[in-house]
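With the sequences and hints as input, model every part of the structure.
Residue numbers (the numbering used here), protein chains in the order written: chain A, 1 to 397; chain B, 1 to 419.
Because the hints were derived from the structure by calculation, they are not lab data.
Note that beta-carbon positions come from the ideal geometry of N, C-alpha and C, so glycine has one too.
Don't take each hint at face value.
[Said to hold, decoys possible] Now the in silico label distances, taken between C-beta atoms and shown as ranges:
| no. | chain 1 | residue 1 | chain 2 | residue 2 | range |
| --- | --- | --- | --- | --- | --- |
| 1 | A | L255 | B | Q210 | 50 to 58 Å |
| 2 | A | F99 | B | S26 | 55 to 63 Å |
| 3 | A | V355 | B | F213 | 40 to 48 Å |
| 4 | A | K384 | B | V311 | 16 to 24 Å |
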Amino acid sequence: MKIKNIFTYCFISSLFLFSLVCIWKILVTLQGIELTNFNFNKLFIFGITLCAINLLIGKKLNLNIKITILALLFSIFDYFISINLPIWYSFGIFLISLFFFNNIKDYDKNFLSKNHSSQKLFFNFLTLFGITLFSFVILFPFYMMLVTSFKTQALLLLNPLDFSINFAQGLPELFKSYFIVFKDYNFGRYMLTSTIVSLGTVIITLIFAIPAAYAVARLNFFGKNFLSTSILIIYLFPAIVLVIPLYTIFSQLGLRNSIEGLLIVYTATTLPVAIYMLQGYFKSIPKELEEAGIIDGQNWLGIIFKIILPLSLPAISSVALYVFMIAWNEFLFSLMFLDRPNTFTLSRAIQFLNVGAETPRQYLMAGSVVVTLPILIIFVYFEKYLVSGLTAGSVKG
Amino acid sequence: MSTKLAKIEKRTAYLLILPSVFLVFSIILFPIFSNIWISFKNVELKDLRIPEPRAKKLVKSIKDNPTEIKIIYKLRNSSLTQEITNVKFKDKYPDNIEPTNLDNRCQYKSNLLKCDLGNWPKKYRENLEIVFQNTNNQEISKKEIKSYKPKLSGKSKNILLTYEFTLNNFKKVIKDRAFIDLLSTTFYYTFFGTIGAIVFGILAAQMVNQKFFGRTFMRSVLLFPYVAPVVALAYTWELLLDPTSGTLNNLLINYQIIDGPINLLGQKYLTLNILGFDFKLRLALTTVIIFEIWRYFPLAFLFILARLQAVPKELYEAADVDGANPLQKFLNITLPQILAVISILFMIRFIWNFNKFEDIFLLTGGASGTRTLPINVYQQGFSIGDIGMGSAVSIVIVVFLLIFMFIYFKLLGKRADEN
Chain A
1 MKIKNIFTYC FISSLFLFSL VCIWKILVTL QGIELTNFNF NKLFIFGITL CAINLLIGKK
61 LNLNIKITIL ALLFSIFDYF ISINLPIWYS FGIFLISLFF FNNIKDYDKN FLSKNHSSQK
121 LFFNFLTLFG ITLFSFVILF PFYMMLVTSF KTQALLLLNP LDFSINFAQG LPELFKSYFI
181 VFKDYNFGRY MLTSTIVSLG TVIITLIFAI PAAYAVARLN FFGKNFLSTS ILIIYLFPAI
241 VLVIPLYTIF SQLGLRNSIE GLLIVYTATT LPVAIYMLQG YFKSIPKELE EAGIIDGQNW
301 LGIIFKIILP LSLPAISSVA LYVFMIAWNE FLFSLMFLDR PNTFTLSRAI QFLNVGAETP
361 RQYLMAGSVV VTLPILIIFV YFEKYLVSGL TAGSVKG
Chain B
1 MSTKLAKIEK RTAYLLILPS VFLVFSIILF PIFSNIWISF KNVELKDLRI PEPRAKKLVK
61 SIKDNPTEIK IIYKLRNSSL TQEITNVKFK DKYPDNIEPT NLDNRCQYKS NLLKCDLGNW
121 PKKYRENLEI VFQNTNNQEI SKKEIKSYKP KLSGKSKNIL LTYEFTLNNF KKVIKDRAFI
181 DLLSTTFYYT FFGTIGAIVF GILAAQMVNQ KFFGRTFMRS VLLFPYVAPV VALAYTWELL
241 LDPTSGTLNN LLINYQIIDG PINLLGQKYL TLNILGFDFK LRLALTTVII FEIWRYFPLA
301 FLFILARLQA VPKELYEAAD VDGANPLQKF LNITLPQILA VISILFMIRF IWNFNKFEDI
361 FLLTGGASGT RTLPINVYQQ GFSIGDIGMG SAVSIVIVVF LLIFMFIYFK LLGKRADEN
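Here is the structure:
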């Protein structure tokens, strides 16, 4: 067993334990509890000691008993160096250290004397560390968005770190920001507009894209290769270079401030990717099926409706979900084309809230939750379809 | 027979693709070309309103004479900058009334008043007065007269359709001192945003590729920033980073890591002292890049994960037999396997970050050193109101874009040859 390995092991594990504790402490601080020190020195050194003990015990003791004892030791130590903290805080520390010692329980002298063990250790911890850190960094803004919407401006000014949710005040008081956002700021209407625009875009895009994709995938015609390469090129053109001409044309045609105008633009911008994704899938359907259809006397329309569509339902749903997501999240065109509040989409409405006079932040965040939640629910529920859509369409973003 | 079938096939194909081609052409290709047209013109936002002739109809009764009535048309040119030529006027009247004093530009025939009002210069105003009398000496109903609305038509030059061109916009774009700064900011943002997203994407993919509890959940969570609407995310970040009431600054001060709040989105430079040397870090730009990385690394992650899962397990087993350490395995097996994906990803992300507008616009609005080319398009076109300038900047973007696309398709073609 190399000294270097023991040293790396103790150092990395203790650092990992400490960062877990730090994340927990930050979350506790955000509940309005006064905590002003991470106690880096003490916790780090004690962590190293416990890791060394873990190594010494090895497998001599029942592993479950070992991790419980070590976790208890750690949380009692933390309890004594930090003052006046609620019991659930220490319980959290206990669970975290339990999780941690469970992860390092298998390390003993034998493991450390193997080849490359310090690197393996390092990579194991990097993975664990990465997973924790990544989830924290990603979920933290979403968490803040949610909890801010439950607070009031006065309470936030009083203690900007207190995001604890007071469930005792009753549901109407708790969801007050949401009531106000829907009642005073008209978010019900914006939500309806957003839904109509997004669903409309999906339907029109599919109506246009399915026949075109079928033609590109299956039929022979002059200019086919040119068309299929230009689809990708057109797709790479960003909205920002279209905005000025479209703005001038739309304002002269009177299409600004109308849902129709928005629908036309959204459909046209999502059409290339929809065709691109669908034709790839149509190509993978065996030709024999269509030949059988032709023998049965079907025309092109019949083939598309009776053979192609039922078979490519998964691809069509991922295209539909992807297009829905793009249309729901779209911001630039709605900023340019809509300036009357009665035609706003959700994204535009939130931007309007922010730019307008001092809107209290909890309303802004309640609005953000309203626009984010539907898309996240759809994403989690249809994850499989949406992920394949994202992968196929992710040339754009 | 076969040629006939081929003909039918061809016709069907054109029928099926035509609607899509038409829509894409009119909404995407046509605007890109009209950008070129607009960029050579001197157009401002206020010129976009088409000048139209307008008339306001006032009906006034004449004292002690109910059988006569006076009608005043307040005519004006709505445009402050352009003239309207060949203005025609038309209005309808009820039966049995006739004008007594008809303007010589007008004609009255079978209840219709038609006037040829000629050319109206800009800001033109005129009051057209006509007195009508009832032919049967009866009282005239004001209400009925008011119910008809006058119709006007006229021709005006649409500034967008004239053949006057100027090179001023491009001259201004290129001569602008800030142009070099604009370009360097754009490239700085694009390059580091892309590299960061790919590095974090590799890390995340490497992690999720291992087996652990809650792996599928983790994969969903990692994609959240990419799926959620940018507006909501940008404003949440803005609140988090706010110098006075933001959570991040308050946390850092609470734990005594910094002494005073840092305005992460509003401060252009931060001077860092490393080993006795002063470094100037572009703070707001860096923050925006971090947001960019946070939001787009999921995409890189998704691509790389898909590729990682296709790497044959035998390679790693063979490496184990050879006694390779984890770092060697990563460098010699994983990295070469995902290199192709990374290079394509780099190009795609580079192109998209180069054109990114919403993220910066929502976070800083282009202030404190975060003005990139797309932000400049918006500012020139809509904040300053110079549509021609905005178009000229768009053209600059398109030119860069075409260069990047050329490289990208070269790369793609090369990859296709290798496989």
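Hints and how they fare:
1. L255/A - Q210/B: 50 to 58 Å: holds (52 Å)
2. F99/A - S26/B: 55 to 63 Å: Once the Cβ atoms are compared, 58 Å apart, the range 55 to 63 Å for S26/B and F99/A holds.
3. V355/A - F213/B: 40 to 48 Å: holds (44 Å)
4. K384/A - V311/B: 16 to 24 Å: Since K384/A and V311/B have Cβ atoms about 22 Å apart, the given range 16 to 24 Å holds.
In this structure, none of the earlier numbered hints is contradicted; all agree with it.
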